[in-house]
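A.B. asks: Below, each chain spelled out in residue letters.
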Amino acid sequence: MSYTSIDKLTTRAEKNPLEVAQAKEKGTKVFGFYCLYSPVEIALAAGGIVVGLCGTRNDPIPAAERTLPRNLCPLIKSSFGFAVEDSCPYFKSADLIVADSTCDGKKKMFEQMAEIKPLHLMYLPHNQELDVTGPFWEGEVVRFKERVEQECGINITDEMLKEAIKLTNREAAALKGLMDLNQQNPAPISGMKMMEIVFKSGFFASKQESVECLEAIVDEVGKAPQEETKQGPRVIISGVPMGLGSHKVCQLIEEAGGVVVAFENCTGYKKTMQVDTEKAPITALAEKYLATPCSIMSPNPGRIDLLNTMIADFKADAIVDLTWQACHTYNVEAENIRKYVQDDKKMPYLHIETDYSDADTEQLRVRIEAFLEMIG
Amino acid sequence: MRTIDETINRKDSNESPCDPSGETALFFAGLDIGSTATKAAIIHGVSKEVVAVAERATGWAPKEAAREALEDALSKLDVPGALISRTVATGYGRKMAAADKQVTEISCHALGAKHLVPEAMTVLDIGGQDSKMIALDEQGNVRDFLMNDKCAAGTGRFISNMATALGIDLDEFGVFAAKGTPVPISSMCAVFAESEVIGLTASGASREDLAAGIVVSIAKRLTSLAGRISFTPTIAFTGGTARNAELAKCFSEAIGVELNTPVLAPFAGAIGAALIASR
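Order-wise, the sequence lines are chains Y and H. Read in the numbering used here, the first sequence has 276 at position 276, and its numbers run on one by one without any break. Position in the second sequence (first residue = 1) + 1000 = the numbering used here.
Do not rely on the hints blindly, as some may be mistaken.
Here are the simulated DSBU-like pairs of lysine-lysine, each with C-alpha atoms no more than 30 Å apart in a straight line [as the list claims (entries may be wrong)]:
(1) H/Lys-1220 x Y/Lys-230
(2) H/Lys-1095 x Y/Lys-230
(3) Y/Lys-339 x H/Lys-1048
(4) Y/Lys-117 x Y/Lys-193
(5) Y/Lys-193 x H/Lys-1095
(6) H/Lys-1220 x Y/Lys-193
(7) H/Lys-1063 x Y/Lys-315
(8) Y/Lys-107 x Y/Lys-117
(9) Y/Lys-193 x Y/Lys-108
Hints in this document: simulated from the structure, not taken from any laboratory.
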C-alpha cells in the first residue's frame, strides 16, 4: 500500500543536501553526528543544524582501507571513507564533527578523522551504574556545550536547551509512534520501508520539518484500514546500526518471506527514548544519553530489557541478531542475547556476522531461508 | 554393508508398488542440486519408501544435470505408468530446476537424515561447498543449525583439493588416511593448506600420514563449528563424504563420536525434498 505522507518524506529528503548547504552559506553552523550518544539538543539550542553523517554504504570502503586495517568494522571504514573522499554532502557541510569514544575502532579512527575536519570527541564512560560515571559524563556534556558556544559565539541558556529538548522529545515520540504502527498484525509498513523512513528523516536541515513529516505518516498510516493479508514470521532485528546501503540482511529476510516488524538497534527503537523535562536540562540530557543500551556498555542489561519489551509489544516470532564484522562488543554480546532468546524466551535466534559487501549474499540467503523454514 | 540397490528394496520389484486401492501408485521426487553432485530421489506415495535414486555431476549445466538425474531415477523405477505427482528441489541450484517448490538444503537434509536414521538427533552434512550441523527435534524438524561461512575449510571441496595435491583419487583418500599417523596441518585455508601439504610432501612426509592429518584438521574444524550445537547422539552423517566408508570411519574417530552413516547418505537432501513433495 502506498501513502502520500511516506512519499512526501522520501521525496522531500532529496532536497536535504542542498538545503543544508544553503543554510550554511547564510551563516548557520552545521554539526555532523555519528552516534546516538551525542546530545544533539545542545547544537539545536545554539541554532545549529544537526545532521547524521554517512557511514552505511560500501562504496567508500576501499578508500578507507588505504589507511585503516581491512579487518575493521565496515561502519567505521565507511564513515572514514566518506570523509577522506569528501563524498558525503553532510560531512562536506559540517563545521564540527561530533564523535563519541564508543568502541576502540571508532575512537582511534576519529584521531585520523580529526586531521581532516574539526572534531569534538566526547569521552563516554562504559558503565551506566557506577557513582563516578554519571557525573563524569555530565561533565562531558558540559564540555560539549562549551565547545558549541565557542563555535556559535553565543551562550546557551537553560531556556534554549528546554526548547530544543521539547523538539527532540517530539521527534522521539513521532519515531516511536511510527515504529509502533508495526505492533499491528499484519504490520502496515515493511522493514525495508521503515528503515528508509527513519534513515531519511535524519538528514533534514530543519528538525521541525522532519518531525512534521513523521507525524503526518503516523497520522495517515494509523488511520488507514489495513488489508488482511497473510504475512510470514514476525522478525525483530537486533544488534548493530543499519541504514540504506547496509540493509542486506533486512532485505534478505523480507525476500525470504519474513516480516521485519522492528529494529532493536540505535537506528531503530533506541531512538525513541525521551529526555526528562522535570530535571535540570544538562542533567536530564546526560542521563538520557548515558542510558542508551549499546553493547559498548559493560554490563549492558538495558538491551535485554528493551528486547523483552519489544518481543511482547511486537508479538515477535524470531530474533535475528546482526553483527558487523570485527564489531567485538556486539559479537561477544551475541552469546548473552542467544542465551536470553533461546533459553529464556524459547524463541528461534539467528546470529549473522557480515559486512556491507555482497560477497556472502547467497550464503546468507540460504541461512535466512532455512531459519524461516525452521520457524514454519 | 548393503549396496544402494539392495537398500532401496529391489526385492519386491515384481510387485507393483500400488496403493491399497489398487490403482497405479503415485510417486514423489526430490532433486538436490549441489555444487558438485546433483541427486534425484523418488519415494513411494503411500509407503514413503525410497524406490529409486540417481546421481549426476552438476558440472556447468545444473538444470540439465537435474533433468538427467530425474530421468535416470525414473528409468530405474521400472513401473509402467508411474506418475511423479510433485517434485521439490533443494541445494544451491534449487532455483534453476523445474520443480513445484524450492526448499533449503537445511530442511531437506534434516528430514532425509531422520528418514534414513530415525533415531538421529543431529545431522552432520559435509557437502561440496558447505558443512552443516543440524540439531533436530523428535519429529525431525530443524531445532537449530550452523553452517561454515564464507570459507571452504572443512568442506568436501577442501578434501577434494587436498586429494589432488597428494595425487590420489578422492575415493582412495579414506584408505590412505586410515593407514597413516596424522601429521599436523596448521592451515585450514584451501589455498594455503595446499601449499603446506606440498611442502610437507617435499620434506618427506608420507601421503598416508598427510591424508590422516588432513582428516584430523577437518575434524577439529567441524568440532569448533559445532560450538554450541553439541554432538547429541545419534548423529547421522550425510553428504558426499559419507559415501566413502573409510573416510567416514576416520571422521568418526577424529571427532570422537560415533557417526551413523546410512548407505543412502549422499541422497539425504534429495530424499528430504521428496518427503516434502509428498506432504
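A.B. asks: If a hint holds in the structure, say so; if it doesn't, say that too.
C.D. replies: For each hint, the structure was consulted:
At roughly 45 Å between alpha-carbon atoms, H/Lys-1220 and Y/Lys-230 are farther apart than 30 Å, so this suggested pair is violated. Of the supplied pair hints, the one linking H/Lys-1095 and Y/Lys-230 holds, its CA atoms being roughly 24 Å apart against a limit of 30 Å. This hinted pair does not check out: Y/Lys-339 and H/Lys-1048 have alpha carbons roughly 38 Å apart, beyond 30 Å. A C-alpha spacing of about 33 Å is found between Y/Lys-117 and Y/Lys-193, which places the hinted pair above 30 Å, so the restraint is violated.
Our distance criterion of 30 Å between C-alpha atoms is met by Y/Lys-193 and H/Lys-1095, whose separation comes to about 27 Å. For the proposed pair H/Lys-1220 and Y/Lys-193, the alpha carbon gap of about 43 Å is over 30 Å, so the pair is violated. The hinted pair formed by H/Lys-1063 and Y/Lys-315 fails the criterion: a straight-line CA distance of about 41 Å is larger than 30 Å. A C-alpha spacing of about 15 Å is found between Y/Lys-107 and Y/Lys-117, which places the hinted pair at or below 30 Å, so the restraint holds.
The hinted pair formed by Y/Lys-193 and Y/Lys-108 fails the criterion: a straight-line CA distance of about 34 Å is larger than 30 Å.
Hint violations for this structure: numbers 1, 3, 4, 6, 7 and 9, all remaining hints satisfied.
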